[in-house]
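Colleague: The primary structure of each chain is shown beneath.
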Amino acid sequence: MSQSITNTLETLLAPRLADTALAFWQKSRDELTAGVSTHRFAALIALASRHAKRTPLELSPEEIDAIAELGVSIDMRGWNLLELLRVGLITARCDLNEVSFAEDFEAQFVYADEGETCALYRALALLPAGERFVWRAGEGCRTNMNNVFATIALDTPYPVQHFDDTAWNQLVMKSLFLELPLWRVLGLDNRRSQDLTRMVLDFAEERESAGRAINNGLWLCLGPHDNERTSALALRAWAAANSGQHAAIVLGLARCNLVAVAEQLGADSIDTSVTSALQAAQNGQTDNIHFAQLTADNSETQA
Amino acid sequence: MRFFDPHIHMVSRTTDDYQNMAAAGIRAVIEPAFWMGQPRTNVGSFVDYFATLVGWERFRASQFGIAHYCTIGVNSKEANNEGLAREALELLPHFALKEGVVAIGEIGYDEITPAEEWVYQHQLQFAVDHDMVVMVHSPHRDKKNGIIRSIDVAREIGVPMEKLVIDHNNEETVQAVLDAGAWAAFTIYPNTKMGSERMVEIVRQYGPDRLIVDSSADWGVSDPLSVPKTAHLMQERGIEQSAIELTCWQNAIDAYAQSGQIDVDELMRDPVIDQSQSFSDNSVLRGQQPRIDEPVQN
Ligand SMILES: [Zn+2]
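Chains V and H, in that order, give the protein sequences.
According to our numbering, the first sequence is numbered sequentially starting from 1.
According to our numbering, the second sequence is numbered sequentially starting from 1.
These aren't lab readings, by the way, just hints derived from the structure by calculation.
Each hint should be verified, as a subset may be incorrect.
Claimed, not checked - Just so you have them, the derived chain H footprint on chain V, three or more residues with Cβ under 8 Å:
| hint | stretch |
| --- | --- |
| 1 | 48-61 |
| 2 | 95-104 |
| 3 | 112-118 |
Said to hold, decoys possible - Some chain H residues close to chain V (C-beta under 8 Å, calculated; not the full set):
| hint | residue |
| --- | --- |
| 4 | Tyr49 |
| 5 | Trp56 |
| 6 | Leu97 |
| 7 | Glu99 |
| 8 | Arg141 |
| 9 | Gly181 |
Unchecked claim - Just a sample of chain H residues kept apart from chain V, beta carbon distances all over 12 Å, derived:
| hint | residue |
| --- | --- |
| 10 | Gln38 |
| 11 | Val47 |
| 12 | Arg60 |
| 13 | Ser62 |
| 14 | Lys77 |
| 15 | Glu82 |
| 16 | Val101 |
| 17 | Lys143 |
| 18 | Ile148 |
| 19 | Glu156 |
| 20 | Asn170 |
| 21 | Pro190 |
| 22 | Val221 |
| 23 | Asp254 |
| 24 | Asp265 |
Since the structure is predicted, the reported quantities are computational estimates derived from the model, not experimental observations.
We treat Cβ as the ideally placed atom computed from N, Cα and C, and that holds for glycine.
Use the sequences and the hints to build the structure in full.
Modeller: Given below as structure tokens:
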């Protein structure tokens, strides 16, 4: 498995690295496959910054398909080249299943700079026996650096697979606080508990009391657990909402099995984004990806 | 005008400072590793400090559209705690090779003791081994002698003079540093030591080549706007624009970009708040205006 991950990462790296950088990758990969000391591992992760910059990957559709074939349901479109190189260096290790790796991996966090920290967290979903690193991922969620937090919260299946309810709810709530694009919290579709719904509704009411707008992503986090409060919130929010927010409310209500309320609110609308959201709602097309479009005209575009 | 403050201890400064600095045109800073104002008692304290320099403080600066680089080193004061200094030196390989670490520093002499000498030499050797720039802190007492000695020792160990920056110079020391071929940096302190007025005269007398202006603002009485203020005074006093640009921006870049750790092209671009750099869909830089009114969220 890790072999095929490293191979896939290599096919992404190869066309993007200059000759000397590619040579660095190949030599390092061979070293790592053979086994390296803790110090050497750390040095290779650090030295990667001399060979790759933080340039966006701009993955092609074929490459996205190749990543999908790994069966990890990770979204690497938000990674940069330096992160890709570093994650490649991690997965190239020959002892990913061993204690030796778990110890070395954890040690990296102690000395990691900002870019390395992000790369280390990005690697989590691609490591075997991911449950070994749950505490570490929780530490990452406690960070004050939004970009570090985002590498754990967004585009990765790690949290939904490994976090307990407390940690999961905290991750969703913090994403909301930071106005991250919630549709990129993978697994949120199927993990909206009663507790989470209550926390989100409480949060929405706090925002209202403070006279602050409700982020579109909030509607993604509600489950069908408190229809009275959810409907009431939708009714209150509708009047002041713009068209993108209307669409989010419609989809959010539908996610809570409140299509009827959505229809009622949107009945008179001639706004195309509302009518198409209603249509999607009626067809049950309300999962994360349908919120992606709504973020363009909303504060949560990029936190 | 845009400015580079290549010596400032931001861990001791507030977000008000960051806002004012950004508003005054400061686009990039270098934060040298130094002491905390009181002695550290264990090596873990160094670990967390160095980690802050390459992590949290860099992030904090980015929230204000300011590029943050740092130097890593064991300072001369704490070199005198020999056991601790040795342990701290073992951290060098862990931190000094990180992205955005532009030099070994600030290192050098304080009281010019044998313990300081040993720690200084050890770090010079590390810099030579890793082809790095060196930022030298010159002592407050016996300054001239200390500076000459730090240059001689660095040369002996093989530090190329163009990779050596001697900081905290004054009228008495500048000639020796320039003659050696090193970079001469000046700390502009309000009230004491070097003031902006004296700096203007030094630039007039020596010309702008290899002179660098910085604030060294820290936890003491100091001014994080020293660089822009000095630049404006130079302007008022008729110093050529090109000389101001060199001493308050370009020379620092030329000196420290030798580390390969400053992306000069990116620095030349308009400042952006880089909050989305590592998780944006398709772009690292989005060209937005600095949101210096936005607090750091947590
Ligand atoms: Zn200093």
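Colleague: Against each hint, give a clear statement of whether it holds in the structure.
Modeller: Hint-by-hint comparison with the structure:
{"no.": "1", "hint": "48-61", "verdict": "holds (count 7)"}
{"no.": "2", "hint": "95-104", "verdict": "violated (count 0)"}
{"no.": "3", "hint": "112-118", "verdict": "holds (count 7)"}
{"no.": "4", "hint": "Tyr49", "verdict": "violated (12 Å)"}
{"no.": "5", "hint": "Trp56", "verdict": "holds (7 Å)"}
{"no.": "6", "hint": "Leu97", "verdict": "holds (5 Å)"}
{"no.": "7", "hint": "Glu99", "verdict": "holds (4 Å)"}
{"no.": "8", "hint": "Arg141", "verdict": "violated (35 Å)"}
{"no.": "9", "hint": "Gly181", "verdict": "violated (26 Å)"}
{"no.": "10", "hint": "Gln38", "verdict": "holds (24 Å)"}
{"no.": "11", "hint": "Val47", "verdict": "violated (7 Å)"}
{"no.": "12", "hint": "Arg60", "verdict": "violated (9 Å)"}
{"no.": "13", "hint": "Ser62", "verdict": "violated (8 Å)"}
{"no.": "14", "hint": "Lys77", "verdict": "holds (24 Å)"}
{"no.": "15", "hint": "Glu82", "verdict": "holds (23 Å)"}
{"no.": "16", "hint": "Val101", "verdict": "violated (8 Å)"}
{"no.": "17", "hint": "Lys143", "verdict": "holds (34 Å)"}
{"no.": "18", "hint": "Ile148", "verdict": "holds (34 Å)"}
{"no.": "19", "hint": "Glu156", "verdict": "holds (27 Å)"}
{"no.": "20", "hint": "Asn170", "verdict": "holds (34 Å)"}
{"no.": "21", "hint": "Pro190", "verdict": "holds (31 Å)"}
{"no.": "22", "hint": "Val221", "verdict": "holds (28 Å)"}
{"no.": "23", "hint": "Asp254", "verdict": "holds (19 Å)"}
{"no.": "24", "hint": "Asp265", "verdict": "violated (10 Å)"}
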